[in-house]
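Here's the letter readout for the chains.
There are 2 protein chains.
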Amino acid sequence: MNAQFEELIARLGEIADFNNAAGVLSWDQQTYMPPGAIRARAQQLTTLRRTAHERFTSDEIGQLLDDLEPQVAELEPGSYEASLIRVTRRDYDRQRKLSADLVARLTRTTALAREAWERARKASDFALFLPHLDEILDLSVEIAEALGYEDRIYDALLDRFEPGLKTARIEALFAEMKAGLVPLGQAIAGQQGRADDTFLHQDFPVDRQWDFGLEVITRLGFDFEHGRQDRSAHPFTTSFTPADVRLTTRLSPGNFKSALFGSIHEAGHGMYNQGIPMDLARTPLARGASLGVHESQSRMWENIVGRSRGFWTFWLPRLREYFPSQLEGVTVDAFYRAVNRVEPSLIRVEADEVTYNLHIFVRFEIENLMLERKVRLSDLPELWKTKMEEYLGVWPADDADGVLQDVHWSSGMLGYFPTYSLGNILSAQFYDQAVSEIPDIPAQIEKGEFGSLLGWMRTNIHARGAKYTPAELVELVTGGPIRTEPFLDYARSKYAEIYGL
Amino acid sequence: MNAQFEELIARLGEIADFNNAAGVLSWDQQTYMPPGAIRARAQQLTTLRRTAHERFTSDEIGQLLDDLEPQVAELEPGSYEASLIRVTRRDYDRQRKLSADLVARLTRTTALAREAWERARKASDFALFLPHLDEILDLSVEIAEALGYEDRIYDALLDRFEPGLKTARIEALFAEMKAGLVPLGQAIAGQQGRADDTFLHQDFPVDRQWDFGLEVITRLGFDFEHGRQDRSAHPFTTSFTPADVRLTTRLSPGNFKSALFGSIHEAGHGMYNQGIPMDLARTPLARGASLGVHESQSRMWENIVGRSRGFWTFWLPRLREYFPSQLEGVTVDAFYRAVNRVEPSLIRVEADEVTYNLHIFVRFEIENLMLERKVRLSDLPELWKTKMEEYLGVWPADDADGVLQDVHWSSGMLGYFPTYSLGNILSAQFYDQAVSEIPDIPAQIEKGEFGSLLGWMRTNIHARGAKYTPAELVELVTGGPIRTEPFLDYARSKYAEIYGL
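As you go down the protein sequences, you meet chains A and B in turn.
Throughout the first sequence, residue numbering follows my numbering, covering 1 to 501 in sequence.
Throughout the second sequence, residue numbering follows my numbering, covering 1 to 501 in sequence.
With the rest of the complex left out, here is chain A (with noise of 0.2 angstroms):
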C-alpha cells in the first residue's frame, strides 16, 4: 500500500506497544510482583494506557482513516487492508465518543468500587457496595448514550465485546436455551446418583497437578516456544502478541479438577491468541472476534474435548501414573461420570457445563432491567435470589454467595456476562462444524491427537484475527446464523446417557 497506510501501520505498531507493554506489567502484577510495587505499578499502567488512548483518539488517526476509506472501498472486505481500516475505524469512532473527563470518572469511580466490592463480598453486605454501584451505573448509562444505540441501551454495552450482536438476538438464543436446559437441569437433579465423584476430592499433591497439566496442554497444542504457564490468584491469559502468550492457573491439593480444567481453558484461549498470524500483530485485527468467539475456544478445550469420554480413554491411564493411589479402581467411565457431574450450585465459576448458562441468564436479565431503570439497585439482592430459584431451583442464603459473587459489575463491565454464553454456543457450533468436515476427529481425541482440531480452529478462526464480527465470522466458518441447536444437542446427549434420561 501507499505512504499514508505505511503510516497508520506505524502510529497503529506504537500503540500496539503501549498496550502490550502495559499487559505485560499487569500480567508481573498478578504472578511477581511484590506487594508494596502497588501504588508505583498502578501509576506506570495509567501512563501507558494513557499514552495508547491519546494517540489512538488522535486527529492525525481520524485524518489518515479519513485518506484511505475511499482508498479501501473497492477492495475484498475480508483482506489485510481493507478489514484493518474498517475495524480501526470502528474502534477509533468507539474510542472518540468517550471523553477524555468521562474515561478519567470511570477509572476513578470503578477504582474505588472495587474496594468496596471486595469489602462488601467479604462482609457479605450489598448495602456496602449499593452507592458504589449506583454511580458505575449511572456512568454505564452515560457511556451507552455517548456510544449511541438505535434499539436497545444494553446494545450499546454489548457492542463493545461483540461487536454487532443485539440483545434481542441474545434474547431469542437465551430464550431457546433455556427452554432446552431448565428441564434438563430439572431431570437430572433426580439422579444424581449416577455421577459420583468423591474420589476426586482426595489429596492430589499440586506439584503433580502442575505437570500433568503442563503434559495435556503441550499435547493439545499449546506452544512453550511462543508461551508459559504461571500460577496466580485468578487464572486468566493474556498476550503480549502472537509471539507471547502468558496462561496461568491455580492449584490446590483438594481441588483437582479446578487446576486441570483451568489450564486446558486458558490454554483454549492462549492458542486462539497463538494462532493469530504475525501479519496481524501490532494492528487491532490482532486479537479475537470477540469474547465471545474467545470463549467458544475455551470452553471447547475444556468441556467439549476435556470433559469428553474419548479424552479419559487416552488420559486416564497416563494419569494414574501420576496418581496412582488415588485413582486405583477408578474406570474410565466412572472418571468420565465424575467430571461431568451436574449440580445446582449458587456459584456460577464453579458451574457444570448444564448450569452454567443458566446464571448467565439471571445475570443478562438484571443488567437489562438495571440499565432500563426498571428495578431499584436496593431490589437486587432479594431479585437475585428469586431469579436463581426460579432457573437453578437453589437460594442463596446471603448476599456473598448471591449479587456480589462477581467481580464484574465493579469494574465497570455491565454487557459482558452474556459473551459467556455466547461462547457455549459457538463451542458447539464450531466443533460440530469441524466434525462434519474431518469426521475423524473424535477417533483423534481418543488416540490423543489434537492435531486436525486445532488445525481446522486455525485456519477457520484463528487465522482470521479480529477481521470478521461474530456473525460474519459464523457465517463464513458455518454457512449459515449463529444457532443453538448444536450446543443444545450436545447437552441433551451427553448428559441423557450419563443420567440414564
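Quick caveat, the hints were computed from the structure, so don't treat them as lab data.
Treat the hints with care, as some may be off.
[Stated by the list, open to error] Label-pair restraints from in silico Cβ distances:
| # | chain 1 | residue 1 | chain 2 | residue 2 | range |
| --- | --- | --- | --- | --- | --- |
| 1 | A | 250 | B | 218 | 24 to 30 angstroms |
| 2 | A | 63 | B | 138 | 37 to 43 angstroms |
| 3 | B | 39 | A | 186 | 50 to 56 angstroms |
| 4 | B | 58 | A | 70 | 32 to 38 angstroms |
| 5 | B | 232 | A | 60 | 38 to 44 angstroms |
| 6 | B | 138 | A | 252 | 58 to 64 angstroms |
| 7 | B | 225 | A | 219 | 38 to 44 angstroms |
| 8 | A | 60 | B | 452 | 57 to 63 angstroms |
| 9 | B | 192 | A | 35 | 47 to 53 angstroms |
| 10 | A | 186 | B | 225 | 49 to 55 angstroms |
[Said to hold, decoys possible] Residues on chain B that point at chain A, a partial pick, calculated with CB under 8 angstroms:
| # | residue |
| --- | --- |
| 11 | 14 |
| 12 | 21 |
| 13 | 48 |
Just so it is clear, CB atoms sit at the ideal spot from N, CA and C, and this is done for glycine as well.
Following the hints, put chain B in place on chain A, whose structure we already have.
What follows is chain B alone, placed relative to chain A:
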C-alpha cells in the same frame, strides 16, 4: 514549589514510568519470557525507550529548566528542588548533545556487534569481532566529541557513569592501587596452600543453596515486601522505583560460592535501590550517585561483610544445617580461608578481591589507548596477553579467555570498567567511616546483626539518591576526597593474616 516545578515533576514522572515499564520488560525478558518472543519484545522496548528519550529531550523540558534555574539558585544545593533541577539539567544537556541519528546508529551497530561478539567468543576468534569493534570505537569517539571534554577523550565517556570524575584522577587512584596490589598478589602466590577450598567444590543441591541465599539476604536487610529474587543466566539487579527491586541469581550444584556471593552482591545493589526515598521516585534523582558508588554497596556486602571471619562465625553453623555432610569437620577458620582464596586467573568475573582490580586496570589502560588511537585494534589480543602477564602473571591461551571475555565493548560501553574498581575503593572507604562512627559494627556482624551498618548506609548514601556526584558524596560522608588507603589497608591486613605474610 510553583506550577512550573509541578509541570516539570509531572513530565519527569511520566518519563520515569516509560523507563520503569521498559525495566519490567527487560527483567521479564531475562527471567520468564518465552524464547520466541524476542523480536516482539525488542519492538516494545524500542518504542518505550524512544518515547522516554523524545519526551525528555523535548524543548518543553529545556524551557522549564531555563525558567526554573534562576528560581532555585538561592536554595541549598542539597535541597530537593535545587538537586532536581541541577541533575535534570546535566542529564538533559548530555542527552540533547546526542542526535537521534547518532543514537539510532549506535543501537543498530551494537545490536549486530553483540551477535558478532557472541559468535567470536564461541569461536575464540577476535577477527570476527574486529570490524564491529572498529565501528563501535568510531561511534564512541563521535559520542565523546559530541559530549565534549577538556583534557582527555576518555573523560567524556567516563562522565556518563561517574559524573564529575576525570580520567587523570582515576589514573592516580589506580596507580596507588597497583602499587599496593601487585606486590600483595605476588607475595600470596607463593603461599597458596594456606587457603584450601576443595570442599567447596562438592555437590551442593541448588534448592538448598536457593533457600540459604534467601535466608542470608533477608537477614542482611533486603526487603521482600518491595522486591524479589529470581533466576537468570546472568545475575543482575533492576528496580522499577524503590518499591519494586528485582534481583536475579544463578545456581549450579558444583559452584556454591558463585550463587551465594552473587546473591549477596546483587542484594547490595538492591538494598541501595530500596533505600532511595520514595519522595525521589519517578525523578532523575531516584538512582545511585554513580555506578561506582552503586558497586561500593554490592562489593561491601559481598566482600567486606560477606567474606569476613565474623560473618561466617555467625553463618557457618546455620549453613551446616543445610549441608551437613559437605561441611563435616569444616571449621570457621577453614571456611573463611576457603572463601578468600586468592588465585590469579584469566576471567574477571571469577576473580578474588586481590586480583580483581588488576583485571580492571588492564581494560582501563587498553580503552584509553584505543580512544586515543594509540593502538591498532588488530594488536589488541597480544596487548591484552602482555598486560595480563604483567599484572597477573597469567597468559591467556586464546581470545575467548582474553580480549573477548567481556560483553561491554559490544554494547558500546567504553568507559564503564573503572566503575568496578572505584566500587572496591569506595566500599572500604564507606565501611571504615561507618565503623569509625559505630565501632560496634564488626561485633554486630559476628552476631548476625546487620541493621546498624545498613542504617548507616541508608542515611549517608542511599537516602541521597543521585543528588551528589561521587566526589561530593565522599566529601559529605567522610569529610575528604576519594582515597585508596582504606581498601589497601583492608586488603593487606586481611590477606597478610590469611597467608601468613
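Hint validity - residue 48 (chain B) Cβ closer than 8 angstroms to any chain A Cβ: Nearest chain A Cβ about 6 angstroms off; hint holds.
Cut-off 8 angstroms, beta-carbon criterion: hint that residue 21 (chain B) touches chain A: 5 angstroms, holds
Status of the given 57 to 63 angstroms range, CB of residue 452 (chain B) versus CB of residue 60 (chain A): 58 angstroms, holds
Cβ separation of residue 225 (chain B) and residue 219 (chain A), checked against the hinted range 38 to 44 angstroms: Between residue 225 (chain B) and residue 219 (chain A), where Cβ atoms are some 40 angstroms apart, the hint holds.
Residue 186 (chain A) paired with residue 225 (chain B), Cβ distance criterion 49 to 55 angstroms: Holds - the Cβ-Cβ distance for residue 186 (chain A) and residue 225 (chain B), about 52 angstroms, lies within 49 to 55 angstroms.
Residue 250 (chain A) paired with residue 218 (chain B), Cβ distance criterion 24 to 30 angstroms: Taking Cβ atoms as reference, residue 250 (chain A) and residue 218 (chain B) lie about 26 angstroms apart, which means the hint holds.
50 to 56 angstroms as the expected CB spacing between residue 186 (chain A) and residue 39 (chain B), which holds or is violated: 55 angstroms, holds
Assessment of proposed distance window 47 to 53 angstroms (beta carbons of residue 192 (chain B), residue 35 (chain A)): About 48 angstroms separates the Cβ atoms of residue 192 (chain B) and residue 35 (chain A), which means 47 to 53 angstroms holds.
58 to 64 angstroms as the expected CB spacing between residue 252 (chain A) and residue 138 (chain B), which holds or is violated: 60 angstroms, holds
Hint check for residue 138 (chain B) and residue 63 (chain A) - Cβ pair distance inside 37 to 43 angstroms: 42 angstroms, holds
Consistency of beta-carbon spacing, residue 70 (chain A) to residue 58 (chain B), with hint 32 to 38 angstroms: 36 angstroms, holds
CB-CB spacing for residue 60 (chain A) and residue 232 (chain B) relative to the 38 to 44 angstroms hint: Once the Cβ atoms are compared, 40 angstroms apart, the range 38 to 44 angstroms for residue 60 (chain A) and residue 232 (chain B) holds.
Checked against the numbered hints given earlier, this structure breaks none of them.
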